[in-house]
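Starting from the given sequences, assemble the full structure and let the hints guide the process.
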Amino acid sequence: MNIRTLPAALYVLLLYGFIFLPVLVLVLFSFQESRLPVPPFDGPSLAWYRAMLADDRLMDALVNSVLVGVVSSLVAVTLGFLAAYALARHRLPLAGLLRGLLTAPLTISYLIIGMGLLITFNSLGVPKSLWTIGIGHVVINLPLCFAIVYSQMGAQQAHAERAARDLGAREWQVIVLITAPMLWPALFASFFLSLTFSWDEFIIAFLVSRFDVTLPVEIWSMLRSGLNPKTNAIGSFVFVISFLFVLLLDLVVLRKRAA
Amino acid sequence: MSVPAVEFRDVSMRFGDIEALSGVNLTVEEGAYMVLLGPSGGGKTTLLNILGGFLEPSGGRVLIRGEDLTHAPPARRPTTTVFQDYALFPHMNVAGNVAFGLKMRRVPKREQQERVAQALDLVGLAHTAGQRTHALSGGQRQRIALARALVVEPSVLLLDEPLGALDMKLRRQMQHELKIIQQRVGTTFVHVTHDQEEAMAIADTIVVMNQGSIEDLGPPERIYLRPVSRFTADFMGDSNLIEGQVVTQRDAQLTVRSALGEFELPGVAEPGTWVTLAIRPEHLHTDPGDGRLGLGNAQVLECGFYGTHHQCDATLASLPHPIKVRIDQKRLLQPGDVLPLYLDPSDLVVLAR
Amino acid sequence: MMANRHLAWGLLLPALLWTLAFFAAPLVIMGMYSLWQRVGMKLVQTWTTHNYQQFASKSFLFESLVNSLEVTATVTIISILLAYPLAYILAERVPARWQRLALVMAILPFWTSYVVRSYSWLLVLSEGGILSNFLMDIGLIAEPMSFANNRGATVVGFVHFFVMLLTLTIYASLVQLPPSYRKAAADLGAGPVRSFIHVVLPLTLPGVMVGAFLTFVLCIGDYITPQILGGNQELLLPQTIMMQISRRSDFPMASALAMILMAVVSLAYLACARWLKLDRL
Numbered sequence: 001m002n003i004r005t006l007p008a009a010l011y012v013l014l015l016y017g018f019i020f021l022p023v024l025v026l027v028l029f030s031f032q033e034s035r036l037p038v039p040p041f042d043g044p045s046l047a048w049y050r051a052m053l054a055d056d057r058l059m060d061a062l063v064n065s066v067l068v069g070v071v072s073s074l075v076a077v078t079l080g081f082l083a084a085y086a087l088a089r090h091r092l093p094l095a096g097l098l099r100g101l102l103t104a105p106l107t108i109s110y111l112i113i114g115m116g117l118l119i120t121f122n123s124l125g126v127p128k129s130l131w132t133i134g135i136g137h138v139v140i141n142l143p144l145c146f147a148i149v150y151s152q153m154g155a156q157q158a159h160a161e162r163a164a165r166d167l168g169a170r171e172w173q174v175i176v177l178i179t180a181p182m183l184w185p186a187l188f189a190s191f192f193l194s195l196t197f198s199w200d201e202f203i204i205a206f207l208v209s210r211f212d213v214t215l216p217v218e219i220w221s222m223l224r225s226g227l228n229p230k231t232n233a234i235g236s237f238v239f240v241i242s243f244l245f246v247l248l249l250d251l252v253v254l255r256k257r258a259a
Numbered sequence: 260m261s262v263p264a265v266e267f268r269d270v271s272m273r274f275g276d277i278e279a280l281s282g283v284n285l286t287v288e289e290g291a292y293m294v295l296l297g298p299s300g301g302g303k304t305t306l307l308n309i310l311g312g313f314l315e316p317s318g319g320r321v322l323i324r325g326e327d328l329t330h331a332p333p334a335r336r337p338t339t340t341v342f343q344d345y346a347l348f349p350h351m352n353v354a355g356n357v358a359f360g361l362k363m364r365r366v367p368k369r370e371q372q373e374r375v376a377q378a379l380d381l382v383g384l385a386h387t388a389g390q391r392t393h394a395l396s397g398g399q400r401q402r403i404a405l406a407r408a409l410v411v412e413p414s415v416l417l418l419d420e421p422l423g424a425l426d427m428k429l430r431r432q433m434q435h436e437l438k439i440i441q442q443r444v445g446t447t448f449v450h451v452t453h454d455q456e457e458a459m460a461i462a463d464t465i466v467v468m469n470q471g472s473i474e475d476l477g478p479p480e481r482i483y484l485r486p487v488s489r490f491t492a493d494f495m496g497d498s499n500l501i502e503g504q505v506v507t508q509r510d511a512q513l514t515v516r517s518a519l520g521e522f523e524l525p526g527v528a529e530p531g532t533w534v535t536l537a538i539r540p541e542h543l544h545t546d547p548g549d550g551r552l553g554l555g556n557a558q559v560l561e562c563g564f565y566g567t568h569h570q571c572d573a574t575l576a577s578l579p580h581p582i583k584v585r586i587d588q589k590r591l592l593q594p595g596d597v598l599p600l601y602l603d604p605s606d607l608v609v610l611a612r
Numbered sequence: 613m614m615a616n617r618h619l620a621w622g623l624l625l626p627a628l629l630w631t632l633a634f635f636a637a638p639l640v641i642m643g644m645y646s647l648w649q650r651v652g653m654k655l656v657q658t659w660t661t662h663n664y665q666q667f668a669s670k671s672f673l674f675e676s677l678v679n680s681l682e683v684t685a686t687v688t689i690i691s692i693l694l695a696y697p698l699a700y701i702l703a704e705r706v707p708a709r710w711q712r713l714a715l716v717m718a719i720l721p722f723w724t725s726y727v728v729r730s731y732s733w734l735l736v737l738s739e740g741g742i743l744s745n746f747l748m749d750i751g752l753i754a755e756p757m758s759f760a761n762n763r764g765a766t767v768v769g770f771v772h773f774f775v776m777l778l779t780l781t782i783y784a785s786l787v788q789l790p791p792s793y794r795k796a797a798a799d800l801g802a803g804p805v806r807s808f809i810h811v812v813l814p815l816t817l818p819g820v821m822v823g824a825f826l827t828f829v830l831c832i833g834d835y836i837t838p839q840i841l842g843g844n845q846e847l848l849l850p851q852t853i854m855m856q857i858s859r860r861s862d863f864p865m866a867s868a869l870a871m872i873l874m875a876v877v878s879l880a881y882l883a884c885a886r887w888l889k890l891d892r893l
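Sequence order for the protein chains is H, D and Z.
Numbering-wise, the first sequence is residues 1 to 259 according to this note's numbering.
Numbering-wise, the second sequence is residues 260 to 612 according to this note's numbering.
Numbering-wise, the third sequence is residues 613 to 893 according to this note's numbering.
You can take every hint at face value.
Some, not all, of what chain H presents toward chain D, calculated at C-beta under 7 Å:
hint, residue
1, Ala-160
2, Ala-163
3, Leu-167
4, Pro-181
Below 20 Å or equal to it, Euclidean Cα-Cα: the simulated EDC-like pairs (lysine to aspartate or glutamate) are:
hint, chain 1, residue 1, chain 2, residue 2
5, D, Lys-438, D, Glu-288
6, D, Lys-438, D, Glu-420
7, D, Lys-583, D, Asp-606
8, D, Lys-362, D, Glu-373
9, D, Lys-362, H, Glu-171
10, H, Lys-128, Z, Asp-862
Bear in mind the hints are in silico, worked out from the structure with no lab data behind them.
If you're wondering where the values come from, they're calculated on a predicted model, not measured in any experiment.
The beta carbon of each residue, even a glycine, is placed where N, CA and C say it ideally should be.
Here it is in structure tokens:
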């Protein structure tokens, strides 16, 4: 390392330190023995992980998060894929406007989307539940899935679809046997991205839920009791799960692309 | 009289203001190898797309084996296509690609396997059945596309510039194979290309298309040697075009006066009409041969070597423009050299101006 | 393709209906609510600009917007200034085979839960937390003290997140830059500094703008970070909105504030529109 690269290296180290500091503190003090996750560290102890697993509300919220995430992501990918196929393969009037409408939720704050849903559900008398959270999560993830799949609908697929029709495939056979398999990496990526966003989403879930809540909402209510190593434990746990998500996504999608 | 494989009846196609096809009538006989030839924008691909069901004509009718299928979608037509980019399904292996059409037709599994094997055998690629398509070479992909389209036994096989993506040597080789395979299976082939050498090498019948209409139609030899229009004469290889005027007409024999002299030629035209006389460069000779007509001495401007021959531009005192002449491959000429030229008047073709 | 237009509409319809019913319609309803008024505990459905007038006249409402704009601007600027050098070093100085790993590392904390991320900063900044402890150890302060519950803590929490985001978008535009441009600049006599100012910077500006816009939108609409880290001395707009909902159940007022938030984001979008092509996502 010479004089010229030293400042650069220092800069990178400092910034990485800044980026990692809170995460390291979070994980370290999840192994705290005593009741406060502040120095001095008196662990390691798994006491707070045990407390986390014994917390029924937390575990329920975890299951709810997985349910809402998987179901809403499946719906978002399916609707997004079908809409992308329709708009990419058929010349429809006002296609530009329709594309704009479908991607519009990307530019609106989740807070506003959640509020709109809250007011609408309230005025229609729709009870708040996991279903209403799921509806909200489809609203935020559908544009993402649509945009990803739409961008991947290239000429290569169009030609393969034409060949399939030429060989006698009906329209649904074209979609199921040709388009969807060829877009598999994009569909997979959209699904997992949706799942991650749903898994991490707080404000919509907070606004349109009541008794059954998702994990971020439950963690939020735990914060009211102040600093608590159990919060560190569940936070570290969520971190590991999210990270495994991403690793899986990376492995599957990037391997596919490389192949 | 048997039913023709394909009949186009007064087929027209408009894209907005552009008339891509204007009232095309064309009959393709059963078992023929027909090539649609023309420059891009000539309408040949549009005609093929209408036949395959990828475009609906603005007017007219399309009959396949006597059945009106003008408005039938591709899936319901007894036609299959070999696409320019082959459009092999990248997520299926070779056998999966070839079996696709059979699967769509609900052919029993057992029979599917047999027919896929036969089709792969036909194109000489039986050993690739289990391979992924992207591992194959361009020529192999082309053959898989052919097998995939042929295995469903279509009434008509459509080929959309099928050799366009191949290099020259492979292209000439595949031309030959296509012709052999067509003769073996006996299926009617309709093949689109802009390569006139390819067209002449494989077609039974060439259809020359230009600006949405059929310019000329016939066997390759006839199209090349006795083109019926200036466009065809020019598009099918090089031609020297010389202005002339009809002096007399009698029993479909014309006397035409031109800068090269007066010729008695077959044709029909009113005396006084201006016409064009076409002569191929290889029909201009440098020796008098047996009863050839002398044209005088030409002066060489420049020559290019084409392997099988030299082609030279030369000026004749009687003509305002240089003419193209073919010279033996072993003869070396310099600019300024003088050549005596001769022609056989029966090689001249009278064309409308 | 022929005769398939009905089919195309059929495929498009579910996504379209979903977006209309659960996105467009709620926004319209919210717009209507913002023009109604809550009197006592009752909703009065007559058109009025009362809520917007309140916003303009009541200082704590208007100030929350000003606070939000100030915080968002600070966060955006600091994040760009920190992220650009990092992205540049990653793209230019780090060997190609380490770049991917370096990037994955840079965004790793992104995968802690959104709520937990702010909480983690509380662990660092609170009284008796890591920072206070460290400063006591090196003798800079004598008593444990809190660095949380103020605007600075909110900004730190935001910057932490957006430095990662901006590093990604800027890095992406840096690696897309063909090396031939810089070679050409050098060939024509530009030194490294001038080559950077006249070639690299203008060409990576779109990447910076996309990241800056995302930062702006996500930051100004966020409730969690200021709520956990900012304390209660000052409120940001999303906090004011949530307060109208959860404490006062004043949906018309909350709707009006949400419309104002949306208007601010739209203005930001228009300002950056030439750099943003959402279609290309």
